[in-house]
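Sequence lines, in order, name chains E and R.
Going by the numbering used here, the first sequence runs without a break in its numbering and finishes at 705.
Going by the numbering used here, the second sequence runs without a break in its numbering and finishes at 705.
Just so you know, not all the hints are guaranteed correct.
Listed next, with one range per pair, are the computed distances between beta-carbon atoms [as the list claims (entries may be wrong)]: (1) R:His324 / E:Arg447: 44 to 54 Å; (2) E:Leu443 / R:Asn666: 54 to 64 Å; (3) R:Asp675 / E:Thr701: 47 to 57 Å; (4) E:Thr701 / R:Ala514: 28 to 38 Å.
Bear in mind the hints are in silico, worked out from the structure with no lab data behind them.
From the three backbone atoms N, C-alpha and C, an ideal C-beta is built for every residue, glycine too.
Protein chains: 2
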Amino acid sequence: MSESSWVPGADGSGFGLQNLPYGAVARHGREPRLAVRVGDHALLLGVLEEAGLLARAGLPAGTLGGPLLNPLLALGRPAWSALRAQLRELLSDAANGRATVQTALVPLAELEPRLPFAVGDYVDFYSSIEHASNLGRMFRPDSDPLLPNWRRLPVGYHGRASSVVVSGTPVRRPHGQLPPAEAGGEPSFGPTRRLDIELELGFVTGPGNPLGTSIAAADAADHVFGFVLVNDWSARDVQRWEYQPLGPFLGKSFATSVSPWVVPLEALDPFRVPAPAQDPAPLPYLRTDGSWGLDIALEVELEGAVVSRTNSSGLYWTFPQQLAHATANGTNARPGDLYASGTISGPEPGTYGSLIELTWGGRDPLAVGNGSQRTFLEDGDTVVLRGWCGPREAPSVSFGEVRGTIAPA
Amino acid sequence: MSESSWVPGADGSGFGLQNLPYGAVARHGREPRLAVRVGDHALLLGVLEEAGLLARAGLPAGTLGGPLLNPLLALGRPAWSALRAQLRELLSDAANGRATVQTALVPLAELEPRLPFAVGDYVDFYSSIEHASNLGRMFRPDSDPLLPNWRRLPVGYHGRASSVVVSGTPVRRPHGQLPPAEAGGEPSFGPTRRLDIELELGFVTGPGNPLGTSIAAADAADHVFGFVLVNDWSARDVQRWEYQPLGPFLGKSFATSVSPWVVPLEALDPFRVPAPAQDPAPLPYLRTDGSWGLDIALEVELEGAVVSRTNSSGLYWTFPQQLAHATANGTNARPGDLYASGTISGPEPGTYGSLIELTWGGRDPLAVGNGSQRTFLEDGDTVVLRGWCGPREAPSVSFGEVRGTIAPA
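With the hints as extra help, turn the sequences into a complete structure.
Structure representation (structure tokens):
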């Protein structure tokens, strides 16, 4: 089949036939509707479904008629593949009957993105060895930067599902308890002074597993619908004071932003690469065959300046390992769970995925636009994370962006 | 109004007019229906609503017609109070028109309890100073048992919402990564050898707050619908190996059991008592007026033997403080969130709320039924947590029980 689309602007945009990511869009003040992004258009899936154009995908009636992807997520890979195949056919250069499809195409400029899935549980991992090592060096300068468990299992924790928001949602600077200036001193309460970002990649689950069973590493990919960019906003001062011994809580829970379009795993198949070698070899329940690294170029823009460029292919723990680990104790994944990678940092300073690393704890300010400098975020600052596969100018698959502007406390 | 009910067995059972807790029940294999427990009966709320007997409560149509309490939770205290007043009237000795109400009463023996609310986020605190001190003594014997933040804020973390289950659900012994026998050794993977319980009390939220706002401590009680008993099952070996630096994950996420009947906060009003004095005084955002301790007697039964008796009135951090803290950073609570207290331990060994404390890390086995001993849980063991207000023999308000039996790995 042709890889070209008749939709103007689709080819070479990163949102052509190779991608076809899923999202939800709304006209101002109206109910969200499910869509696939094609170039700079949203293709409304409910319109196609009602017109009978998706009949061969064989989805249960109404799967695409609501505001959320969760019913589609629950169906699993055969349904996803069938739907994707039919959408590719409808949008391909070789397609007949474009007129009806055309009625389902709406320019993105007329629409607002909405969060396209109801988040069941949100889990955040810590899977970049460079990031974990950098934080270890800063927080525990006198010991091994990696704790003994780090190379043995994908360290992770549960984050807050309620505050997962779609790109564009303003992020209010959080209040919190700030650590005492010296040991034994008084903490204070006020707006965070160390507001940070975390550049992450997250996967959204499809069919889950019954409570009391596990998802094997070899099967994990079949439970993964697709990927989004994640900005796991962090208040470093709040986090530092609260996190012992039960982990991050309010330092993270105020907002987690995701990109609006969920890129199907199938679209990423051509960009699977070998993940870094793991030493020591993981325990059998974490072993996989095949290449599960993802060659996705990533960048962080802060106030108009690109301050970091990195790639997700360097993540030490892969997404099948993450999902196998997360369910190894028999807990149940559900359609719409979000599992984020943890901050993605490369080996050099310009490839780090957080400001605390890029400025080394605030020591080395970054140059941003208009001759300004930043350590942590100031009110009004805008952060944009971007991701794509292939050449930047003409990506095969784009994740678009996840954008957020800091509102004052 | 009379405090006596015409329903046989209700008075003095802990499930009389003073209580009227909400739950969901199902005949075998059928859809769950919302109900209030009265004595040993479930009063089906949908039947009353359809018969027009709840009209004066003024609820939106269909609030009580589904399988979950969430629509009722979202309405807030005025609606809850109106519904409670009308139910008390219908069930009171002085009531007329009992015949229709009678048709809505079903013996509990014919029904199975179901989880009555969709859990949004699940947060677990660590609010018993005795429990936190005991764990500190065991895990960090050479330093202050309480970390510097403990008396400054209600330490907590996000748990897993998907595996919150109703009383009676079997709990499969989880697999997990078990710590190396000695530092630098190899971890292994297998069934936990240190399966534990945690006796907790949890509150279920009603109306939430918009993202970017907070719930003030003084207003927090109006956002709390009611309370359940919580058993936060824990795999201590898994937890010990995984929890640094991001907190508990798989050591906790395999199951959290709750009692089936949500006791309304209004029913607990007569049992509010002063909470322990807090030293140092909490920061202003954590200050409350009034008495927010809850005088609830609690016990842990293991294989037929009561191994602990305690009371929730000793919890250092109160539930309004917990909710104010959890939302202080602007994150949004939602109807149906579950916030658990953390293990409730008293000052003496027979009042501890976990086996790791009761056996002091497995050193001192407990005598249970049939001349057996236990350190941690064995396959087939049944644990029952109970809670009540007033005298044990004739409680004013009962929480019933949360029960679980360990299934083999």
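- Could you tell me which of the numbered hints above are not met by this structure, giving the numbers in increasing order? Number 2 - this is the single hint that the structure violates.
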